[in-house]
Amino acid sequence: MIRKATLLAVLTATLLSPAAVALPGTASAQVNTASAGPSTASRQTVRLVPDELGPDLIREPDAKIRISGSLINNGKEVLSNLYVRMSYAGRPFTQRAQMSAYLSGQPGSQPGSWLVENYQQPIAPSGKAAWEFAFTPQELGISRFGVYPVMVQVLDSLRQEVAALRTFITYLPRDATVPRTRLAVVLPIVDQPRRADDATFVDGGLPAAMASGKRLGNLLKIAQDTSSVKGITWVVDPALLDDARAAGATHWSRTKGKTERRPGDPAATRWLDDLKTALADPPVVVTPYADPDVTALAHNGLDDVTATGVETGGRTARELLGREVRTDVAWPVGGMIDYDGLDLLATSGVGTVLLNSTNLPLAAATTAPDGTTGVPVTPPATPDAVAPLSSVGGPVRALVADPVLSETLGAATSAPGAALQSRRRFIAETAMISAESAVDPGTAAATGTTGTAAAAPAKTVLVVPPRRWSPDPAYVTDLVETAASLPWLTPTTLDSVKPAKGPAAPAARADLTYTPQDRGNELGKTYMGGIRRVGARADLTAAITKVQDVDPFDRALLRLSSSAWRGRTDDAAPYVERVRETIDTWIAKVAITGNELSQIRTLAGQDGEVPISVRNDLEGGDDKIVRVRVKVTSGDRKLLKIEPYDDLMEIHAGRAETIRVPMTASGSGQTTVTVQLTTEDERKYGQRVRLTVRTTGYTGIALVIVGAALVVMLAAVVMRILRRRGARRAAAVKPPARQPAVPAGNES
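In mature numbering (1 follows the signal peptide of the UniProt record, and there is no 0), the protein residues as written are -22 to -1, 1 to 726.
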C-alpha cells in the first residue's frame, strides 16, 4: 500500500511547482514517458479498480477528497518495481470534447501535474494491492465551478504506462450560482415477442426473464424504486404486457413442432400486477404494439401496419395498466428514421419522435461522398434537445438524445469499479453542460462578481439508454436519484419539454441523415415480403368478419414485424410459420361443405336449382359471424348457364347455410361448375370447389313423348268404350223363336 505520509509530502512539493496548474490539452499537460520499448511488466494484464471516488460534488475548498482502489495482477508472473502516479490539472475543462479526448487517452489532452510514489511490494499472480490518494481542492489549485481531470497511472521501471484510471472531480463553490439544465430521462421496458398468434407461445422464457435478478425483473425493480423520482418517463411496449397476461393464463406452447397445453404461470401475473402498481403515477409512453420496424414497413409497402400498431398499442396498454398513456410519442429503432418512416408516424398521430444525434446532426456536420455522416464539427456547447421537423402529416417535434449521457446511463456495470466510474462521468458530463452555459468567471471578475457563474436560459438534455438494455437496478436507481439532487439539473418529463429560448435556443440542425448502412440494418426485403404475403391472407379473415373492428391477426402481424427481429430473422422463422398455419386453419373453417361434394348433381329438365352449403366452424359468438359471397361458374356455358342469384351469405359460428343456385340447360350431357367463396369485395377466400352437374335432355322431346303416350292412351280408351257400346246394342235386338222340329213322316 502507498504510504500516505510520503504521498502527501510529494503532493505538497508538486503543488508548489508551476506545472501544478497545467490545463489539459496544452503541451505541458502531456504525460512524461520514456521512449524505450515495453517492458515485461507492461505486457502483463494489470488492472486498476477504483473503490472510492468521492465525494460526488465538492463545495468547500478544504473538503477532503479520496481516490482509492486496488491494483490487480491478472497475469502469471509476479509484478514488481511499479510506480503509482496521480495526475491532475488545476484548471477545468472548457468543452465536453476535451473530456472525451482525455478519457480516450489522446496525447496532448492529459493532465500534466503529477505525483509519483514508489510501489515497493511485489504483487503475486492473481493478487492485488491497495492504493489511495487524499487531497483537497485548495491543494490542487481548484477554485471555481467546473470539471477537473484526475488520472491514476501505473508505470513500470522505464516509466511506461501499464494501466490507467481516468476520472473527474466536480467542484461547485458554495456561493456560486449556476444555470440549471432540464434533464429528461427516458427508461424503456421493451422485450421481444414471445407469442406467434394470440394463443401460442413460441418462446417460453418470459416468466424466467421476469424473475428477480433477471432483465425484466430488474426493470420492474427500477420502476418500483424510482416511482417517486422526478423527471423519469417510461417507454413501454404493450406487447410485453399482453404476453405477460397471456402467460399468466392457460395457454399453448409450441416447441420443436409440437404444441402443448400449459397452465398459467403465477410469476407472469405477479410481474404484470407489480408493474401496473409501479407505473401508476409516472408518465408512460407506449410504443406501437410489438415495437414494429417502422422504416422497414414504410420501405416494403406495409404502410397501414404502423397506424394499426399505434391504435392497438394504446388500447392494450390502457386496458392492462388501467390508466391513460401517450401514443403520440414515437421512438424509432435506434433513434434512426427517414422521411418515409416519419410520414408514417405523423399520419398515425405521432407528434414527437426521440432521435439519435447521428440521425439529426448539427448543421456543421460533414457528409462523406458515400452518404455516411462524417466527423461533426465540435459545437461550442451542448445543443438543446428540441428540434423541429416537417412531415406530410404536419410539424413533428424531434427530441435528440445526448449520446454520452445515454451511453453512460445504459452502461454495463458488472465489472468491478465500472458502476463507480460511470456514475462519476455522468455527474461530470451534466456539470459540464451547465458550465458551458455559464458566464466565464474571468469575465465576471471585471464586474465584481468573481467566483459566481451567472445563470443562462435553461436548455433540455435527453437521456435514453439502449432499447433492450439489461440494467443494474442499484446503479440506475442511484444515478437518477443523484441526478435529481444535483444543483445544476432540473428533472423534467417528456410532456414538460419545451424549446429553449434566447442564447440556449435550439441550434441549427442538418436534415434527417439516414445512410445506406441504416437501410441495411432494417428487416430485409425477403423477410418483409413473406410478412406481406402472410398479411394478405390475414386480411381475408378480417374481410369476412361481420364485426370489422375485431381483426384476429393484427397483433400477430405486428409481432412478426417487430424490430426485435433485426439481425435475427432466423429466430423469427418459427413465429412466421405458426402464424401462417393458424391463418390457413382459420380460412379452412369457413368452407363449402356437404358429403355430396363428390357426387354428381342432376338437373332435370331445361332449368332447375342446385343447392350449395357453406359452413362456419369458427368458435366464438357474434364476433365470429362471417359474410361471404358464393361465386358459381359454369365449365361449359353453352350447355349450362348460371342464372342471376343473391350470392351474399351470413353465417353464424357453428352453423351452416344453404344457397340455391338457378341453372338452365340447353341440352343433355355432363359438365362441371366451379364454386368459389369470396369476400364482399370479391377477393377469393379459401379453396375453390368443382361440382359435376348432369343434364337429362331436352324438354320439347319429353313433351312429344308424353303427348304421344296420351294419344295412344286416349285411343285405347275410346276403342274400349266403342266396344262396350256395341255389345249393349246387340243385346237389345232379340232373335226369332225357333220352331220345334217335326219328326220325319209326320209333316201331314
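Quick caveat, the hints were computed from the structure, so don't treat them as lab data.
Ideal Cβ positions, reconstructed from N, Cα and C, are used throughout, including at glycine.
Heads up, some of the hints might be wrong.
[To be verified] FRET-style restraints, in silico, Cβ to Cβ: (1) 282 x 191: 34 to 42 Å; (2) 33 x 370: 46 to 54 Å; (3) 33 x 551: 52 to 60 Å; (4) 640 x 300: 50 to 58 Å; (5) 318 x 385: 25 to 33 Å; (6) 244 x 652: 49 to 57 Å; (7) 502 x 296: 42 to 50 Å; (8) 665 x 189: 44 to 52 Å; (9) 630 x 373: 42 to 50 Å; (10) 510 x 583: 45 to 53 Å; (11) 206 x 632: 30 to 38 Å.
[Stated by the list, open to error] Derived pair list, reagent style DSS-like, types lysine-lysine, alpha-carbon separation capped at 25 Å: (12) 192 x 254; (13) 567 x 619; (14) 619 x 609; (15) 208 x 254; (16) 567 x 609; (17) 254 x 199; (18) 42 x 208; (19) 567 x 662; (20) 54 x 106; (21) 208 x 619; (22) 662 x 609; (23) 662 x 236.
To see whether the hints hold, each was checked on the structure:
no., hint, verdict
1, 282 x 191: 34 to 42 Å, "41 Å, holds"
2, 33 x 370: 46 to 54 Å, "52 Å, holds"
3, 33 x 551: 52 to 60 Å, "54 Å, holds"
4, 640 x 300: 50 to 58 Å, "57 Å, holds"
5, 318 x 385: 25 to 33 Å, "28 Å, holds"
6, 244 x 652: 49 to 57 Å, "54 Å, holds"
7, 502 x 296: 42 to 50 Å, "34 Å, violated"
8, 665 x 189: 44 to 52 Å, "47 Å, holds"
9, 630 x 373: 42 to 50 Å, "49 Å, holds"
10, 510 x 583: 45 to 53 Å, "50 Å, holds"
11, 206 x 632: 30 to 38 Å, "53 Å, violated"
12, 192 x 254, "19 Å, holds"
13, 567 x 619, "30 Å, violated"
14, 619 x 609, "13 Å, holds"
15, 208 x 254, "18 Å, holds"
16, 567 x 609, "18 Å, holds"
17, 254 x 199, "12 Å, holds"
18, 42 x 208, "30 Å, violated"
19, 567 x 662, "15 Å, holds"
20, 54 x 106, "13 Å, holds"
21, 208 x 619, "76 Å, violated"
22, 662 x 609, "9 Å, holds"
23, 662 x 236, "31 Å, violated"
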